[in-house]
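Visitor: What follows is the residue order along each chain.
2 protein chains.
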Amino acid sequence: MINQLTAAIKKKDAPVVAGLDPLLSYIPDHILEQAFAEYGETLEGAGLAIWHFNRGIIDAVCDLIPAVKPQIAMYEQFGIPGLQAFQKTCAYAKEKGLIVIGDIKRGDIGSTSGAYASAHLGHVQVGSQSFAPFTEDFVTVNPYLGSDGVRPFIEVCKEEKKGIFVLVKTSNPSSGEFQDQLIWDAEHKEREKDHLYEIVARKVALWGQDHMGDEYSYVGAVVGATYPEMGRTLRKLMPKNYILVPGYGAQGGKGEDLKPFFNEDGLGAIVNSSRGIICAWQKEPYKGSFGPENYADASRQAVLDMIEDLKQAYVR
Amino acid sequence: MINQLTAAIKKKDAPVVAGLDPLLSYIPDHILEQAFAEYGETLEGAGLAIWHFNRGIIDAVCDLIPAVKPQIAMYEQFGIPGLQAFQKTCAYAKEKGLIVIGDIKRGDIGSTSGAYASAHLGHVQVGSQSFAPFTEDFVTVNPYLGSDGVRPFIEVCKEEKKGIFVLVKTSNPSSGEFQDQLIWDAEHKEREKDHLYEIVARKVALWGQDHMGDEYSYVGAVVGATYPEMGRTLRKLMPKNYILVPGYGAQGGKGEDLKPFFNEDGLGAIVNSSRGIICAWQKEPYKGSFGPENYADASRQAVLDMIEDLKQAYVR
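In order, the protein sequence lines correspond to chains A and B.
Each residue of the first sequence is one higher than the last, beginning at 1 in this note's numbering.
Each residue of the second sequence is one higher than the last, beginning at 317 in this note's numbering.
Possibly wrong hints are sitting among the right ones.
To be verified - Computed list of chain A residues with no C-beta within reach of chain B, every gap over 10 Å:
| hint | residue |
| --- | --- |
| 1 | 4 |
| 2 | 41 |
| 3 | 56 |
| 4 | 62 |
As the list claims (entries may be wrong) - Okay, the calculated beta carbon distance ranges per label pair:
| hint | chain 1 | residue 1 | chain 2 | residue 2 | range |
| --- | --- | --- | --- | --- | --- |
| 5 | B | 445 | A | 239 | 45 to 55 Å |
| 6 | B | 502 | A | 128 | 53 to 63 Å |
| 7 | B | 555 | A | 311 | 47 to 57 Å |
| 8 | A | 315 | B | 477 | 53 to 63 Å |
| 9 | B | 356 | A | 311 | 36 to 46 Å |
| 10 | A | 125 | B | 609 | 19 to 29 Å |
| 11 | B | 354 | A | 159 | 29 to 39 Å |
| 12 | A | 155 | B | 355 | 28 to 38 Å |
| 13 | B | 439 | A | 266 | 41 to 51 Å |
| 14 | B | 599 | A | 130 | 21 to 31 Å |
Unchecked claim - Calculated cross-link-like contacts (lysine to any residue; reagent style SDA-like; alpha-carbon spacing at most 25 Å):
| hint | chain 1 | residue 1 | chain 2 | residue 2 |
| --- | --- | --- | --- | --- |
| 15 | B | 509 | A | 177 |
| 16 | B | 509 | A | 202 |
| 17 | B | 599 | A | 114 |
| 18 | A | 254 | B | 426 |
| 19 | A | 193 | B | 502 |
| 20 | A | 193 | B | 509 |
Bear in mind the hints are in silico, worked out from the structure with no lab data behind them.
Glycine included, C-beta positions come from ideal geometry on N, C-alpha and C.
Using the sequences and the hints, build the whole thing.
Guide: Right, here's the structure in full:
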């Protein structure tokens, strides 16, 4: 799957992932009204609206980009019907040739991490039957619990030829509270050797060696666009690991700021935009040209502009 | 809810939470057969079996203990039907007077953490209607993303009078990889000042001040029974925060080892056992006395024995 991701990025010349993180306030009235006409103002109605909204965006951008990244929290908040919309969105995106990165940020220990991995990337056994409950190609994983929490994901990834992105340095303002702590190296009696995010990155590089594709590992990292200097350091610490870069657009990152995240081969990074793509119809500079009926066209235009902007970030 | 938790612990004299983390291999054949007869060997069949299994245990232990802790990964692995079993389990436990701690270990940033909080502890708005998708009283939260990731949970907790337990030092063998890193204090130019888990604990104490019950905060911490020395340190750093203690029993912790986790008032800790309770019928010393038909009675006996064992850990 990491080879497919690389191939798709090259073919479409677009290291772009569209974040499908829908709020009901992003969805045009005509879609909401149709869904509520069918199910009322219920969780089912919300789920149907989200699924229809996503389908429109997927149809409009699937030829331009390699991947989508649905954020499961935005579905989980609508309970079971929300999670059914998540499943439908994943399945439809795959049908349209897109790679699906489930932004689930799960992480636990041992068999519990194994259960999350089976749920989202693998299969679960019921008697003599086997089922794939959710069907992402990659998921994001929280590293706080250490190798015990991450390795069960990698084991499932090996079986399924799928991958993970481990949170290393997140894009939010307070990510530094713990991630930027300076680590005292007790063994070498050195101070200020590494920040925590560098310690995590070294582990990602190590874990990644266990499950390599042709050029890159199936184990990637999440590093926020909002921290390009740290991106430069982390790029070097994890040369064989893809970096999933959130924080472009709405959170402040720009194309030219993203150079540090790419390798010299022009690969190794995939940049996410969520609100910048899915809310384009509500925002400048697209608002004037696209009405709610054309929300998906606005998303397409936003993707085209993002692809162009990102060309400042890499040479291939 | 934290006052209710304290009251229930006092009333039942049992700082015990039963971890409802079912695998199909823990479930007696007669329950599996009945579920598969209805739905076949499907995810629905698995969900039904889990729900019936849990119901039996809840019935058998609800008068003895204050709370249960379903681990959502074990339900999520069975997809939508698994998550429906999770919902039914939570609802039934509450009906039986138990407090429900959802072991979800979620954590993201800003509005995304807010969405998880709404999903599990709060309400979500659909048009003019409001829904509570999942209905836990407490959830576990991963702190790696910092205050941005945790505060949205606390905001929802304030509205709903609910609480969280933040992962501080987890019970697994590799929890030290990141959590035990020694932090260099750049401001005071001191070395070996704190481990990361202590930095996180200080934040938990700080976050907790924002949402206090009568004696304890609605913001608690997770610290593994397997690290009693660290428990001692962390107990002092978080005097007003409940500690949820996993790792008792199957993971190796014993009653007498748990003294450091309790305050002098005999409160402030609640100890989880999962396999030790729900698999009691399959294990010594209960195996000989209880058959599969009496699995829930074995769980009750295991709870009674655990309550007795824990009396070595606190004086009230």
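Visitor: Determine for every hint whether it applies to the structure shown.
Guide: Evaluation of the provided hints:
no. : hint                      : result
1   : 4                         : holds, 25 Å
2   : 41                        : violated, 3 Å
3   : 56                        : holds, 20 Å
4   : 62                        : holds, 24 Å
5   : B:445 - A:239: 45 to 55 Å : holds, 51 Å
6   : B:502 - A:128: 53 to 63 Å : holds, 59 Å
7   : B:555 - A:311: 47 to 57 Å : holds, 56 Å
8   : A:315 - B:477: 53 to 63 Å : holds, 56 Å
9   : B:356 - A:311: 36 to 46 Å : violated, 53 Å
10  : A:125 - B:609: 19 to 29 Å : holds, 25 Å
11  : B:354 - A:159: 29 to 39 Å : holds, 31 Å
12  : A:155 - B:355: 28 to 38 Å : holds, 29 Å
13  : B:439 - A:266: 41 to 51 Å : holds, 47 Å
14  : B:599 - A:130: 21 to 31 Å : holds, 28 Å
15  : B:509 - A:177             : holds, 16 Å
16  : B:509 - A:202             : holds, 23 Å
17  : B:599 - A:114             : holds, 23 Å
18  : A:254 - B:426             : holds, 21 Å
19  : A:193 - B:502             : holds, 12 Å
20  : A:193 - B:509             : holds, 15 Å
The earlier numbered hints that this structure contradicts are 2 and 9.
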